[in-house]
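In order, the protein sequence lines correspond to chains A and B. Taken in order, the first sequence gives residues 1 to 684; the numbers are from this note's numbering. Taken in order, the second sequence gives residues 1 to 564; the numbers are from this note's numbering.
Quick caveat, the hints were computed from the structure, so don't treat them as lab data. Hints should not be assumed to be uniformly reliable.
Here are the in silico distance ranges between beta carbons for each label pair [as the list claims (entries may be wrong)]:
1. A/Pro-602 x B/Val-318: 23 to 33 Å
2. A/Pro-602 x B/Leu-80: 36 to 46 Å
3. A/Glu-201 x B/Thr-72: 48 to 58 Å
Small disclaimer: the values here were computed from a predicted structure and weren't measured. Using N, Cα and C, we set each Cβ at its ideal position, and we do this for glycine too.
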Amino acid sequence: MNMPIAQVQAPRPGTDQTRFAALWRPALIQALVKLDPRQLKRSPVMLVVALTALLTTLLCFAPESGVSTAVAIQIALWLWFTVLFANFAEALAEGRGKARADSLKAGSQGLNAQRRRADGSFETVAASALRKDDVVKVVAGELIPGDGEVLEGIAAVNEAAITGESAPVIRESGGDRSAVTGNTRLVSDWLLISITSNPGESTLDRMIALVEGAKRQKTPNEIALDILLIGLTLIFLIVVVTLQPFARFAGGSLPLIFLAALLVTLIPTTIGGLLSAIGIAGMDRLVRLNVIARSGRAVEAAGDVHTLMLDKTGTITFGNRRCSALHTAPAVTARELGEGALLASLADDTAEGKSIVEYLRQLHDFNEPAADQFSPVAFSAETRLSGVDFEQRRYRKGAVDAVLGFIGIERLQMPSALAKEVERIAQSGGTPLLVCVDQRLLGVIHLKDVVKPGIRERFAELRKLGIRTVMVTGDNPLTAAAIAAEAGVDDVLAEATPEKKLARIRQEQNDGRLVAMCGDGANDAPALAQADVGMAMNDGTQAAREAANMVDLDSDPTKLLDVVQVGKELLVTRGALTTFSIANDVAKYFAILPALFAAIYPQLGVLNLMQLASPQSAILSAIVFNALIIVALIPLALRGVRVQAASAAHLLRRNLLIYGVGGLIVPFAGIKLIDMLLNALHLV
Amino acid sequence: MHSYDFALLLAFFAIVLLPAPWLGRFYYKVMEGQRTWLSPALGPLERGCYRLAGVQAEQEHNWKQYALALLTFNLAGFVLLFAVLMLQGYLPLNPQRLPGQDWSLALNTAVSFVTNTNWQAYSGEASLSYLSQMLGLTVQNFVSAATGLAVLVALCRGIARRSATTVGNFWVDLTRATLYGLLPLCLLLALLLVWQGVPQTFADYAHAVTLQGADQTIPLGPAASQIAIKQLGTNGGGFFGVNSAHPFENPTAWSNLFELASIILIPVALVFTFGHYVKDLRQSRAILACMLALFLIGGATALCAEYQPNPALISEQVQQSAPMEGKESRFGTTGSVLWTITTTAASNGSVNAMHDSLNPLTGMVAMLNMMVGEVIFGGVGAGLYGMLLFVLIAVFLAGLMIGRTPEYLGKKLQAREVQLLVATLLVMPLGVLVLGALAASLPGPAGAVSNPGAHGFSQLLYAYTSGTANNGSAFAGFGANTVYHNVMIALAMLIGRLGYILPVLALAGSLAAKNRAPQGQNSFPTHGPLFTGLLLVIILLMGGLTFLPSLALGPIAEQLSLGF
């Protein structure tokens, strides 16, 4: 399982179009379009606000005592603004994701495909007419018309449109490189492709569906939160509706428009208005990471993950073993060994061979022979040796037994110092390669898996968040343990087979843990399907991509860590704004209640802690604050609350302080300021 | 406050808190059928009950079966009690030949005792026979408390079990709660009360000639046995009309202390029972700390309010002690305030002072205690399951902020759970605000209040709050015995009881079915001061946000108009 690693994030198409400057105008128009009741009913809280706004607008024509028409009109206007601001937030979040999806989609306009008929001949059809299991032929220069699996052929495909990675990748039938993505371009040869998705179900469509408010499926936590918000709205509806009979009992009457204002300020409009935008923005962050989720559910689950199962190769270590040291045989100088090892590896094109050359070039200053001065001896399954013949001498390197066979000695006859070194390398999880020239043993090369820089720190961060990492490897337990210790993982699954992987995931889940894993091979499919979060590599097999609930277009397994982060940010942002929204109600009560009851019980004026100028200005200030706070929090909703690597208790304390205590204090200051401003401008 | 006031407070907390860990463990063992020192004596009785009723003690119920058994049992109890109350004139043990109750009053009383509310729109000595008191009310006092305890342990099991389908056997839980949980303690308390002078007799009311030569009838009856369970079962329905202010119900300072402490003895102990169920006593301590803090905040506010000098008399050169209107001079201000706060916190409807005469702020604390859903210790079982609902709400609200799906003790809170939580959140607004508004806007029912303005509103608000919260205490001054109020308050009591019990059982079922995630440093911390504080704020916030407007029109307006 070798995976190319995207070390540098390539510039993404569409970055320019995701700037705020380009987005706010269309978002404003969308905000008006979203006043459509069918769209509004997706957010019950905002639907209530819209209905209240409608009622208030009507009330403007029936003046009530104690409320001037000018104030009534302003209240109605600000109620409409509240709805529009929420719509604007959603439209803005959608706009960012859509801009990118649109640029991808543009390529598929008017695209044609060569579909195979039943008799084997080909016909030209529109790409949009393709159905699952249709077979199409694509030749160099053409765009692949849809997601599919290669049936025949081998070709280079440029997937830059999807991944942003400019280097073409090889796609061929069978094996782990058989899946192709729609809208990518063939740059060589031809492919016969079986289409695997119907129109509207492709990777691209999925991506668009995640960031479109009207089509988006709500995630489980969002649904739960929605229920709570509806519950709170109902409670406050009861509170406000029963207030009039209570006031009448006390011998007064409350202006309906004030009651409408009280209702809107009390119900959780801040989170209700931003909930959708938070969800879309979270998915958009994922799309920017070039990860396509099958559903938002998986992204949320990523935030809950307890255990990460990571393949060693490609994720924890660079895919290849690298030379890390050389040890000489008795009576051989380091330079002799170095020269021998260099020559034996010069013609070796494998990553191991290159790493030896690289290592030695740094170490010594050799006079390397030009390529035409030696004749290379390639690795063969028979000899299991590689090297060169140079100046009538045969330089060879290879596995211990192969080299000993080459020079014709038994393992026991090996010099004891060298034998000890070989033993030590194997013990530490490395691979010993012997180097010889003709019949003379020069020494041993220590090849080992090199742990990626920074990965250890990353695991430590995850551990702080309470997430355990399990390294999965086909290596023997000894080797695995050595690398595990170096990488700082919490647990190891050595000599892993697909069955063992699946069993391990089931066991973790039985213990109540959520498991995330990534994989690419066909044999990973069952485990990917079993895992709570399964991420398949885009260059993996179709089976893996089908079984997983997300696909990484860059085929970078370490992305799983980013996905966890996005999932957590999504949840924290929702929680923070919910807390903020509810905490705000305290100040709003102190603004509105004394104003509301001023005519019945003037003594309740002592509750007017903010010393707001008049009942009318108090109520209007609360409404204006309620609307403006949505706008003020749009950036936070779109960006998401950062999740630091810290214990739950620490995160809770920090977020409660900022959003809970902050939510109590901010509106006191905000409402007072708005009240001063309204009065200074003589708006009331 | 005098030194004996402080002695009372100290003794009260000592009696309540010191045995709680031991008693809580005892309740856990009893409810789980483990052997205790009472097993040799009561075990055969328990097994005899099952054999007699044909109960398969080993067979557990899923939540629906459990709820059905509970509803059936309570409905049967209601029908029986209703019949006894209406037909008492034809039944034995009625030395005063008292006639049956009117249908609406009988309905109200039956619902009141079945729901552990003990709202009394009648006066015991003037309208109930000994049979009605003993066979009718006292039986329900026992089984309604046992029902609360059963629901609580079902919820505890739901939280503690993993991937389970059952939450216990209702009949077994009911039997054990009554036999082991209530009877022994009641026996002890009844004997203590008899020692202090509370009557326990089937004899006719006594007749006497006073010094002035007037005839006097002195009501008697089997009072001690009923008073014991009335306090321990957080029922509160007095044997006599004026409840624990009556010298026969509460004759001495000692009886006052015993009765006070027994109000929250079991609710406090049950907090530890929960800890044993979930194998984590830290959870118990956090919840208990929150309850205590709320109790102390309310108590301190009320005591401060009651010891205020009367502003109307400040300009007159008189020496003022705390106002004594409506209070028993035998118990004084602290004894009365402590009783008021304890009973309203604990869903116990008994009174030893008239709440109508309390300082408006004290009245507000009493109402708030009930409005938050009787979760500050609360009724037997009911208080803690109400508190656990708040714990779950707190976990859901704040849990998202740690970046995980909210979890309580490893159980995920998802749409289904939130749905049920929201259903319980709607109970108090529905019963208090909607039914209260209805009563306030109909001219007839609104006329039941005896004062105009804010105080009259408090009377009405208190009545519906007391009913919905299944507290049962009365503000006094409210003419509740009308067909309208009898029926509507009965409705409020039913909403308040079943509106919690059914969602709680459903919650128990859905939590039991979940797997339990391991607890680690990334799980939401539900112990320690941070969580206790959060829980406290959320309870006050939910109660405050829902009821502040109505409280502003009642006690707050009254307090401010009195010039304090």
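Against the structure, the hints come out as follows:
1. A/Pro-602 x B/Val-318: 23 to 33 Å: 30 Å, holds
2. A/Pro-602 x B/Leu-80: 36 to 46 Å: 54 Å, violated
3. A/Glu-201 x B/Thr-72: 48 to 58 Å: 51 Å Cβ-Cβ, so the 48 to 58 Å window holds.
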